[in-house]
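Start from the sequences and build out the full structure, keeping to the hints where you can.
These protein sequences, in sequence, are chains A and B.
Here the numbering used here is used: the first residue of the first sequence is 6, the next is one more, and so on.
Here the numbering used here is used: the first residue of the second sequence is 2, the next is one more, and so on.
It should be emphasised that the hints constitute simulated quantities derived from the structure, not laboratory data.
Glycine residues also receive a C-beta, built at the ideal position from the N, C-alpha and C atoms.
Treat the hints with care, since some could be wrong.
Said to hold, decoys possible - Okay, the calculated beta carbon distance ranges per label pair:
1) A:Arg220 / B:Glu155: 49 to 57 Å
2) A:Glu214 / B:Asn190: 47 to 55 Å
3) B:Asp93 / A:Thr268: 53 to 61 Å
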Amino acid sequence: MILLLGPLSDPMMRSVGAALQARSQTFVRLNSEEVPNTVRFELKLPEREGAFFFPEGAPLELAEVRAVYHRVGFSNFEVYQEYSPDEVAFVNHECQSAFHGWLNCHPGLVINRPVASGSNASKPHQIALVEELGLAIPKTMVTNLPETARDFYDFVGGQAIYKSISYVRSIVQVMKEDDLDRLDTLKNCPIQIQERIEGVDVRVHVVDEHVFPTRILASESDYRYDKAAELEPCELSDELAQACRKVALALGLVLAGIDLRLTPEGKAYCFEVNPSPAFAWYEDRTGQPIAAAVADLLIQASLSQHRRS
Amino acid sequence: MADPTVLLYGSADNPSLGLLHQGLTQRGRRRSLFILQENFPFSVGIYLKVGRGLHGALLLGQEEIALSDLCSVALDGFVISPAGLTEFSAQDAQYLQTESWACLISMFHQISRHCLVANHVVRRDYLTSRWAELSLLCECGLAVPRALVTSRPESAREFYESLAGRVICKSVAGSAPVFREVSPDDLENLHRLTLCPVHYEEMPEGWACRLAVVGGVFFQLPEGTPPPPEVLEGVTLVCRFLSLHLAEFSLRQLGPRWIVTGLRTFLSPEALGQLHVLEAACALLEQEPAS
Numbered sequence: 006m007i008l009l010l011g012p013l014s015d016p017m018m019r020s021v022g023a024a025l026q027a028r029s030q031t032f033v034r035l036n037s038e039e040v041p042n043t044v045r046f047e048l049k050l051p052e053r054e055g056a057f058f059f060p061e062g063a064p065l066e067l068a069e070v071r072a073v074y075h076r077v078g079f080s081n082f083e084v085y086q087e088y089s090p091d092e093v094a095f096v097n098h099e100c101q102s103a104f105h106g107w108l109n110c111h112p113g114l115v116i117n118r119p120v121a122s123g124s125n126a127s128k129p130h131q132i133a134l135v136e137e138l139g140l141a142i143p144k145t146m147v148t149n150l151p152e153t154a155r156d157f158y159d160f161v162g163g164q165a166i167y168k169s170i171s172y173v174r175s176i177v178q179v180m181k182e183d184d185l186d187r188l189d190t191l192k193n194c195p196i197q198i199q200e201r202i203e204g205v206d207v208r209v210h211v212v213d214e215h216v217f218p219t220r221i222l223a224s225e226s227d228y229r230y231d232k233a234a235e236l237e238p239c240e241l242s243d244e245l246a247q248a249c250r251k252v253a254l255a256l257g258l259v260l261a262g263i264d265l266r267l268t269p270e271g272k273a274y275c276f277e278v279n280p281s282p283a284f285a286w287y288e289d290r291t292g293q294p295i296a297a298a299v300a301d302l303l304i305q306a307s308l309s310q311h312r313r314s
Numbered sequence: 002m003a004d005p006t007v008l009l010y011g012s013a014d015n016p017s018l019g020l021l022h023q024g025l026t027q028r029g030r031r032r033s034l035f036i037l038q039e040n041f042p043f044s045v046g047i048y049l050k051v052g053r054g055l056h057g058a059l060l061l062g063q064e065e066i067a068l069s070d071l072c073s074v075a076l077d078g079f080v081i082s083p084a085g086l087t088e089f090s091a092q093d094a095q096y097l098q099t100e101s102w103a104c105l106i107s108m109f110h111q112i113s114r115h116c117l118v119a120n121h122v123v124r125r126d127y128l129t130s131r132w133a134e135l136s137l138l139c140e141c142g143l144a145v146p147r148a149l150v151t152s153r154p155e156s157a158r159e160f161y162e163s164l165a166g167r168v169i170c171k172s173v174a175g176s177a178p179v180f181r182e183v184s185p186d187d188l189e190n191l192h193r194l195t196l197c198p199v200h201y202e203e204m205p206e207g208w209a210c211r212l213a214v215v216g217g218v219f220f221q222l223p224e225g226t227p228p229p230p231e232v233l234e235g236v237t238l239v240c241r242f243l244s245l246h247l248a249e250f251s252l253r254q255l256g257p258r259w260i261v262t263g264l265r266t267f268l269s270p271e272a273l274g275q276l277h278v279l280e281a282a283c284a285l286l287e288q289e290p291a292s
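What follows is the structure, encoded as structure tokens:
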């Protein structure tokens with residue numbers, strides 16, 4: 006059995022569901038917003054079994070689930086109007102923890118295991134891993150020292166950007182001379198400063214062995230905030246495509262969104278690897294069959310008797 | 002390389018790090034530097050060049066400690082959390098916490114490529130709940146107490162009855178191991194489970210002991226019948242999987258059966274209070290970094 010787990014309104018859930026339907030594949034779509042009451046569950050140890058119980062019909066035994074695509078990290082669970090914000094947060098955290106535990110050790114295919122998102126908690130940590138795997142990364146400094154930040158700015162000839170260190174989304178900003186006057190605020194919070202790389206952004210979605218590169222033509226430093234950005238499918242060299250597969254595999258990601266910038270000289274720099282990529286946005290604009298590749302992988306795993314990690 | 006230094010990083014409230022600091026200082030073989038996480042990022046400066054090699058330093062007042070001068074680091078990486086943010090709004094404090102945390106992960110990752118980091122933060126996502134912890138122990142071949150996480154009253158009742166009422170419970174994600182015994186009265190309120198799942202567990206029985214792990218060496222506390230080789234193999238596997246150089250396992254022996262009831266991702270003050278454990282831990286931290 007294939008299980009899609011997450012909010013029904015999630016575009017990626019919808020897209021993968023549609024691809025499975027187009028293949029006449031049966032699957033269970035479990036709306037996380039109906040858990041824990043409308044849909045109830047149990048997880049047992051040491052059997053490492055369990056089930057979901059629906060208001061009607063037979064329960065779904067977890068042992069029958071061979072492949073999962075989930076968006077649990079983006080889920081809200083079933084809460085009630087009279088709950089305080091703290092109670093809402095508590096229920097969401099408890100349910101999320103239960104599912105993360107299960108998804109991390111479920112013997113079937115899980116796209117992606119929550120633990121594989123770990124490297125995303127620290128972007129410099131992640132790109133250091135990426136560099137060890139063979140992709141180039143921009144010169145990067147993490148610091149809370151104003152004078153060091155200034156030195157780094159000078160070292161890269163004033164061509165620098167700054168952004169958050171953690172997974173918290175921030176808008177990538179070009180560092181300017183004016184910013185040097187407020188470096189004292191770094192004492193309250195460290196920052197990541199990077200050499201500014203000129204070139205074209207390429208988002209590469211990796212789905213197991215499949216690689217879907219999308220070229221993004223944007224005028225902003227952070228293309229995600231450029232409403233006029235143009236997206237089109239493109240090609241990668243075999244070597245670069247292989248490097249992207251290697252990075253995703255090493256980080257434990259069956260599905261990954263890798264942000265590259267290709268310089269006019271043809272060198273590729275990696276900025277980040279997204280472990281829960283919102284690929285529907287790219288798919289809608291390019292027609293690249295990313296959800297179809299995810300669906301095919303789920304189907305393939307659902308037919309397999311073997312455990313995948 | 003200047004004075005090789007053992008860096009201890011963590012909370013002033015962490016007695017284990019205090020004991021290690023005291024032990025290292027008394028032995029006098031390496032400089033021991035205890036940085037309080039309460040001082041980060043406000044009173045501790047950091048710079049780190051990200052990528053290959055280890056280029057960075059910590060600034061404490063006027064003193065600069067090159068990261069390459071560290072011979073080891075001790076931190077309970079599974080619980081460290083930047084603190085001292087009381088003057089900020091809740092939202093700002095959360096952001097500063099997350100950014101500082103990310104900064105520390107990055108720094109300890111790069112240090113771990115140069116010398117021992119006991120224990121590094123990076124694999125803690127495997128332990129997001131008690132169920133996940135037991136599941137990992139189970140996966141490494143260790144027997145664990147029976148457990149159930151559920152939002153379904155019928156499942157909870159069945160579990161309680163199958164264990165003749167010898168059941169304890171706690172929140173699913175709660176990091177503190179706070180259990181309470183399930184009473185017959187609780188069965189009247191099982192409908193509340195549908196509002197939020199609960200973790201249930203078999204009440205532990207038998208002789209209790211702990212197994213402290215220092216590098217590849219085991220210390221049973223208190224001494225008694227030693228656990229069989231398969232338990233030691235399982236424990237070793239868990240430590241290897243989570244990159245734990247210092248750890249402690251709670252065990253129960255009931256006849257020939259050994260059950261592992263918990264994992265602590267650092268040494269407890271009780272274990273470090275034993276001189277032979279403290280000496281072994283200090284010796285581990287004093288080692289030369291691998292070239």
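Okay, the hints, checked on the actual structure:
1. A:Arg220 / B:Glu155: 49 to 57 Å: holds, 55 Å
2. A:Glu214 / B:Asn190: 47 to 55 Å: holds, 51 Å
3. B:Asp93 / A:Thr268: 53 to 61 Å: violated, 37 Å
Of the numbered hints given earlier, the model fails hint 3 alone.
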